[in-house]
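*Asks:* If you want the building blocks of each chain, they are given just below.
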Amino acid sequence: MSIEIKTATMEPVRNTYANVERRFGDKPATRYQEATYDLQSETNFHYRPLWQPELELNDPRRTAIVMSDWYAFKDPRQFYYGAYVQQRAKMQEVAESNYAFFEKRDLARFLSDDARAEVIRFLVPLRHLEHTANLNNMYGAAYGFGTAITQALLFNGMDRLGMAQYLSRIGLILDGNSGDALAEAKQQWLEADIWQGLRALCEETLVTEDWFEVMLAQNLVMDALVTDLVYRQFDQKLCDAGAQDIGMLTEFMQLWNKDATRWIDAVLKTAVAESEENEALLAQWIEKWRGKAAEALAPLADAMLGADALGEALALLDKRVAKAGIK
Amino acid sequence: MAAKKLNIKDKYRLLTRDLDWEFSYQDRNKAFPFEEFEGIKITDWSKWEDPFRLTMDAYWKYQAEKERKLYAIFDAFAQNNGQLNISDPRYVNALKIFLTGVSPLEYQAFQGFAHTGRQFGGVGARVACQMQSIDELRHVQTQVHAMSHYNKFFDGLQDWSHMHDRVWYLSVPKSFFNDARAAGPFEFMVAIGFSFEYVLTNLLFVPFMSGAAYNGDMATVTFGFSAQSDEARHMTLGLEVIKFLLEQHEDNVPIVQRWIDKWFWRGTRLLTIVSMMMDYMLPNKVMSWKEAWEVYFEEAGGALFKDLARYGIRMPKYADIIEKEKEHVSHQAWWTFYTHGHAAGFHTWIPTDEELDWLSEKYPDTFDKYYRPRWELAKEMEAKGERFYTKALPQLCTTCQIPMLFTEMDDPTQISYRDSIYKGDRYHFCSDGCKDIFDDEPEKFVQSWLPVHQIFQGNCGGPDVEDILRDYYQMNVGVDNMDIKGSPDEERWKKWKGVA
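So the sequence lines, in the order shown, correspond to chains A and B. Counting from 483, one number per residue, gives the positions in the first sequence under my numbering. Counting from 13, one number per residue, gives the positions in the second sequence under my numbering.
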């Protein structure tokens, strides 16, 4: 049974904004469409930026990738601000309850000294990688072209700040809020041999100029490898060592990675499908950063997991790249 | 082990401020390359006081709660045809100005704060800018959604982003933000974070939202309430920026003062359109522009500058001229739009007799003397079937891009003209304030994309104004513009309300 409340229906003059209508026809539009398409100015800029006078304020030439329509980068998650924060709020609610449970039951006391040391040595320093990812995604948000991709980069950048903060909280849980674990992890990041490759790679992405290249280096290559090494293989290792409770504290990152992978794979696929020139350039960038990342991560992967670990992660990256259409 | 309790400042330091590190493998200046060219001296980023210590988990939680409530209202508004509850169809024209003129600025603010959120070398300042960046994206998107239902029932909202990039009067707000974004990151923060968000927000954001509240616009006013706590954060960031710059080095003081002078003048020019919205476009008035200016600038701003005097900062240049302008600008602006009503993207009209009386009461020293007679003449002409539209395109000020409509403040019958010669060409200005800004940075302002110049150069199609409006601006000529009397907006309203 259903009941129907009568409401006055009024005939609208038009169903949506004219720019959306030009793209999709005169029919009711989604909130994602109205909040995304053609929001960014594309013409008649008044002044060249003092900080980059060879380009316009919004300029597609800040990357060598060429698109006939930058709004081809539709987000498969259809995240506009409201959809994005509501989705993340759900995830943080679960995370909050996990962290609260972990602390209330003092699950840290079940960690062996080895497991605790490994978490501080291998997991907590990643907050600095997340901080790099925050900057690299803000870079694309600031200098990318078209709201479809720049808003997704902004969301991703804020997510990375959030995850840097979650990783920091893991350190604080382990050191009883003294900050010692964070200091120890930072010392690792700054000085330990196993981390220097990754730190140098982070610093290199921060001085790389092409925003699309930075996006790929960070969100595809580095993330694919680190995610597999840390959140799959190292997670498994912790479980095997009886430290599976740490998984409660990294569940946010696990879920997040699935979500972000869906988006960046769609971005890659769209850019590849646009032209052979794009494909060639993307293939070249991926090869370049894959090589650098493999070299950078080798000592870390070896120390954390053993000799085969990096190979497994690279194989997964190669599979995703092939699936996106790069030959 | 009992965990020690962390205070919020220490916690924020550990969770956020401690994330950055000294580079070993690359030159850090290459990662943050734009910090030095403006001449601002930052000796120690660690002295930055975080204006709000919000971590991302809390941000997601609070903002999602606000979004849920906001979109529930939007849905209810659409389902119940909330547009029928507004005071008068004339009100929607304020929304047309807002969506075509202000919402795109929110977008530019998102981009500008993303830029500073990437470029500042200090992690505390960066993260604060990033949070403002994502808030600004929220504002443009929720505004687009708030107006979405109006767009289905009124004309002139439909092509807002296309219009913003092209239409003559919209180059005023667009160039304002382009100017700030084209500047260095510190000038951007003084221009937008401090001058615009901290000092002038009460004269831009608040009048539109109060106008919505007074005129039965549930969708827009709900957005306004929902954005209030975001705006409060932005204001604290704006104030922290100014204090930080002034405390870092004494050499920063004259640079900051020059920016304050520039951006207050630019800001007051930009607010001209708000003045006319408040005095002429709101069927139910909130307060007069003059009253708003006195409360929000003269009192609140005056107190602020007293506070900043200890750093060696004085009131913005030309504050004395601005004080006189509050008596005139709204009348001069609405008259200009009324006479160019065929080329605007919204409807114009003659104030009703009650509204003319209200204006006389609110502006006892100027309205009856200078402005009421014009409206009496317009009424006579309209009654004879001779509603007046000027055929001419206005000359624009090279700096603020507003038509030359402002008068000398001591002689409201004399249009104010200034000019400068730069590299053999003459440039025209509406005021000493705008001329100074040009003279200070001529190489920047000679680039201005002045809509009327562009039309005469043949860059906007044509040849006739109507061709440009229809083909280049993509307006529905005679539907989106002209007088409200006889417009489709008015016809539909009468039909909905069952009046002949």
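Because the hints were derived from the structure by calculation, they are not lab data. Quick caveat: nothing in here was measured; it's all calculated off a predicted structure. Backbone N, C-alpha and C fix where the C-beta goes; we use that ideal spot for every residue, glycine too. One thing to keep in mind: the hints can contain errors.
To be verified - Which chain B residues face chain A? A few, computed with CB under 7 Å, are given here:
(1) Leu149
(2) Ser300
(3) Tyr330
Stated by the list, open to error - Have a look at the derived ranges for each label pair, beta carbon to beta carbon:
(4) A:Lys740 x B:Lys42: 44 to 52 Å
(5) B:Glu34 x A:Ala755: 37 to 45 Å
(6) A:Lys805 x B:Val265: 22 to 30 Å
What the hints assert, rightly or not - Computed footprint of chain B on chain A, listed as stretches where at least three residues anywhere in the stretch have a Cβ under 8 Å from a Cβ of chain B:
(7) 515–525
(8) 531–537
(9) 562–571
(10) 576–585
(11) 708–719
(12) 778–785
*Asks:* Look at each hint and say if it fits the structure.
*Replies:* Here is what the structure says about each hint:
| no. | hint | result |
| --- | --- | --- |
| 1 | Leu149 | 5 Å, holds |
| 2 | Ser300 | 32 Å, violated |
| 3 | Tyr330 | 22 Å, violated |
| 4 | A:Lys740 x B:Lys42: 44 to 52 Å | 34 Å, violated |
| 5 | B:Glu34 x A:Ala755: 37 to 45 Å | 42 Å, holds |
| 6 | A:Lys805 x B:Val265: 22 to 30 Å | 58 Å, violated |
| 7 | 515–525 | holds (count 8) |
| 8 | 531–537 | holds (count 3) |
| 9 | 562–571 | holds (count 7) |
| 10 | 576–585 | holds (count 3) |
| 11 | 708–719 | violated (count 0) |
| 12 | 778–785 | violated (count 0) |
Hints 2, 3, 4, 6, 11, 12 from the list above are not met by this structure, while the remaining hints are.
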